[in-house]
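Novice: Sequence:
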Amino acid sequence: MKVVTWILRIASIATFAYMAYLVYSILNPNDIWHWDAPYSFVVTVFRLLSLIVFFLATTMVSGLASAFTGGVLPENVIVGLYNTLILRTWYMQPYGVADPLTNIQQVWASFQMNLSNVILALWNNTFLFLYFLCAGIGIALFLQSLVRMDHKFVGGAFISIQAIVILAAFRALIVPDIAPFPADFMEFLLTQGQILALVSFAYLEVSYQMIYSASVGKPVEDREETLKKQLLALRQATRKQDAIERGEKVSTTGMSRSTGATAFSFLREAMERKVLGSQSALESLDAVSDVRRLQIYVDDLLLSDSRARDELTAKAAAPSSSYVIGSTITGSAIRFLTVVAVSFILMSPNVIRMILNLPIGIENSVEMLQPEIVVLFLVPIVGLFPFTAAVISWVSRREVVEKEKLSEEEKDAAKKRKKDLAQKRRETEKARRARAKVRKARKGIESEVDEWDRALEDTFKR
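Under this note's numbering, the first residue of the sequence shown is numbered 1, with each subsequent residue one higher.
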């Protein structure tokens, strides 16, 4: 599944790049792709803020002067503020003019002219800045979709790139237009607007298939890796326990820290059994034998069945790469052709008129030339999808699963299996109670010496 996901990831990159290139080439005749647009927008906003600060500063200072001194703010103060806040900050040297302004009338005339120019420039630069902003957001969300595999990033990248065309249309720039609608199907397919629409749909289709492939394959791969580690830990723990029982020295390196901890726990429980004689220690020793029996069962299963390793690691549960590729290509092709056909039929009422074979009076009527006729044809086609879903749901509820009829011999065999299973459960429960009684009888008898006690005594004597 990783191979399939990477193939779809590469296809998603290709379709997104082609979609972005189409948007760039379609809007390029408008001469909007000025790479200094973000800088010009920031400069324009700064100039507007400086004009606002100058106006507020002069108003506040004039109010304070009239309130405390009862006079009018001197003209040289206003001129100095304008030269400092506007001319010196807008232009590096010297003031954007030959000399700094000295007359109050020149200051207010320059203020009005600069304010109108800044507002007009801000209107134009804002749209140029939004084009680059949408492009940057689209690229960022696209990269996020490749890493995080989330639908919202794919949808966000698609909307951000398409928003550039929407903003350009709002500004009455040159954008793809299919009016009048071409009557020829091939001419319809080769229009810029239709190519952009099909490439955009292909990007969404490939990206969603990529996310689906990752969501199906990644849990199976994670489960496979987890079970492999568990089987390896089981084998290492069994070998360490066998080595401890033989009296061999077992090293606990960094590579075997987890299994070394298991071995240390095994020795600790044995010492607790000698010193304290706790019931939990006895149960831990029983768990050791259970682990050994489990390892023997796994080894026998791997030797007897060649597919046991794939089944234990859940690798067999993952769909094959060929199946995923085939279903992806088939489903995408069907949806792609459906979108092309439906879009042409809905945008060209002539096709439906030919199918319905309407009377001549209706075909030649003025209403057939109106855009509302497309909506009229769109309603039954859109309603066809929920109607089909409702029919499928109704038919599926009517289906009754027939129970397989068993013969008398099969019924007797099933009853016998149930009785045998119940008998085994009773025997297991009886053996479990017997072991519990033995543990209780041994509890508190510290003078009893068995092979574990002798091994520990020999160890401490050394």
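Please note that a few of the clues may not be correct.
DMTMM-like, lysine to aspartate or glutamate: derived pairs with alpha carbons at most 20 Å apart [as the list claims (entries may be wrong)]:
#	residue 1	residue 2
1	K430	D412
2	K411	E427
3	K424	D412
4	K2	E221
5	K430	D420
6	K419	E429
7	K229	D300
8	K418	E408
No lab work stands behind these hints: they were computed from the structure.
Novice: Taking the hints in turn, state whether each one holds.
Specialist: Comparing the hints with the structure gives:
1. K430 / D412: Violated, at about 27 Å.
2. K411 / E427: Between K411 and E427 the Cα gap is close to 25 Å, so the pair fails against 20 Å, i.e. violated.
3. K424 / D412: Holds, because 18 Å separates the two Cα atoms, which is no more than 20 Å.
4. K2 / E221: Holds. K2 to E221 sits at ~9 Å (cutoff 20 Å).
5. K430 / D420: holds, 15 Å
6. K419 / E429: holds, 15 Å
7. K229 / D300: holds, 19 Å
8. K418 / E408: Holds, at about 15 Å.
Of the numbered hints stated above, those contradicted by the structure are hints 1 and 2, listed in ascending order.
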